[in-house]
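A.B. asks: Spelled out, the chains give:
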Amino acid sequence: MSKSSTPLLTVRDLAISFRTHRGTLRVVDGVSFDLAEGECLAIVGESGSGKTVSAMALISLLSRKQAIIEGSVKFKGRELVGLSEEALRPIRGGGIGVIFQEPLSALNPVTTIGEQIAEVIVAHRKLSWKEAHKLAIGYLEQVEISQPDQRAKQFPHQLSGGMRQRAMIAMALSGEPSMIIADEPTTALDVTIQAQVLDLLRRTTTERGAALLLITHDLGVVAETADRIAVMYAGQIVETGKAAQVLREPASPYTRDLVTSVPSFAARGKKLSTITGMVPSPDAFPAGCRFAPRCRYAISACTSAVPPLEELKDGRLVRCIRTKEVLDGTAAGKRTAAATRKGSTR
Amino acid sequence: MSSNATKTKPAPSGLAPKVSESPWAQARRRFFAGRQGPWGLRILGFIVLFVIVGPFLAPYDRFSVPAPSEFVFLGRPPSFEHIFGETAQLQLDVFMLTVNGGRGSLLIGFVSAIGGITIGTFIGIISGYFGGKLDGFLMRIVDVFLAIPSLFVIIVGARIISELGGTGLMTVIIVFVAFGWMGTARLVRGQVLALREMEFIEAARALGVSPVRIALRHVLPNAVGPVVVSFPFAVGGAIIGEAFISYLGFGVSPLSPTWGNMLSNSQQFFLQGNWWWVGFPGLFIVLTALSVNMIGDALRESLEPEGRRA
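As you go down the protein sequences, you meet chains A and B in turn.
Per the working numbering, the very first residue in the first sequence carries number 1; after that it's consecutive.
Per the working numbering, the very first residue in the second sequence carries number 1; after that it's consecutive.
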């Protein structure tokens, strides 16, 4: 699917550092991925894994004072890293749309919904305000908001959470971008609304052949929506591949732990498995594999060098030297892990 | 406007959206639902009406100087003929002085407040939104203006302008504007700095909205709340400020009366029992300050209710 033509978006060795009072911290390191036209790629990871920062860095939405973006982001063959705000403006919204996590805070409280959509239209097309307002109603209709002409005159606080997120989607669509970044688009919504909004998002992007970069920590969302998945841990991609494959047989211990920590009916009655500990903070990334301290498969070789991201088969990349053990099943791995843990405590 | 269109269309079901009410309309409704705001407006309205139609109520010429034979050292207390009494020496009608002085005082109050707040808002937005070196530069200018004692400038300025033939009303306004914008600039800058980090500003930026439009349509409307609140207080401050410097003798010349210079001219006669010459302008200063403060408080309560701002 993605190999047929040059991809819409090519990210190579994206590295993001923040200037802090304790010095420069590299929070994202060596992130590379492609996004084909019309494809949906999910970036999955815990809080603090660098997934949102990576996505925002694609169109330089990070503070220029604090963040240093290195590497290459090519959108339709054009390099985006290092572009000025002025040069990025037509791409933001017009080429790449963004949907934020919390629609209430992402919409201006004192401006009507219609006006906010029209504003994006005017920014990217040579249209009068009157025409833009008319078009805005059409976009509200596309995101299945009832009585769109009246809703357009309302303010964000008059809409329900689900409707606000729909309005946000309409805003992102209104620039007719060929790609949309959705940063945890369903996290702030009720479970009953989540599926609706997700479905709408997938449908509206597919209809116009736009690619979707979905940032989430919800594997259920991924399974439902994404073609491919990139799992991030501590600022690095640890595994990528076709979503169904990766979720069915995860090849890295981290993905495996993520998948098994999702509650399911199949495992009811059993203790829910969790990953002990937390994502290390960027100033305390361990040497070697960054997941090693929390990994049940870890051996001493894991802590000596960062494992490279290697191809497993048909485009699947894994950053782990114990992939074979992970795929073979837990038993052997657990024994070794127990042994190394004992060894390390001495 | 928008609410009309919503109203005229009969709602088909109970699911119909509520009538659109902008946060401004809500604030207006809260303002008029209270007691303080409407009463403050009524008192201020009465004072404004008084200084405008007052001259037509009482047919006295404020410069009609009595014949020397009628000269009295002390003024005359309120009577049916002169309801606010008469001044000492020139025997001017205090009612007329108060009416005409009120025009001067209100002019100083409103013009200085509008001027100072407009300049302050402008500088605050530029400073906060565009930041960087410009912000540093503008904030140093604020520091410099705050460091200059404004009273000194008023005294020197009044001297210069009066030698150029000015009345002093202009001087006071110019100086009040020149020294009345820094607070607003800092206030707005702070608001803008906080707003700049808000997600809807980032969202607008992320979708390619131009910086000028973001500043005008997203930052400004969300930052003006405190500015609107500060406006009535600035009016009151300028009126009292004028009274203060006029009392010291550096304000507006007696040729163009204000409540402030009435107080100044009457002070020596107050001790000899001419309470009306001090009392009436004083009463109006107090009433004006009271009403604008009431309006300001009501505005604050209706613009910033709990939970509106994220």
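Since the hints were made in silico from the structure, they are not lab data.
There's no promise every hint is true.
[What the hints assert, rightly or not] Straight-line C-alpha distance at most 16 Å; calculated EDC-like pairs for lysine to aspartate or glutamate:
id	chain 1	residue 1	chain 2	residue 2
1	A	Lys242	A	Glu70
2	A	Lys76	A	Glu176
3	A	Lys65	B	Asp143
4	A	Lys130	A	Glu144
5	A	Lys74	A	Glu102
6	A	Lys65	B	Asp135
As the structure is a computational prediction, the values presented were derived from the model and not from experiment.
A.B. asks: Which of the listed hints are not met by the structure?
C.D. replies: 1, 3, 4, 5
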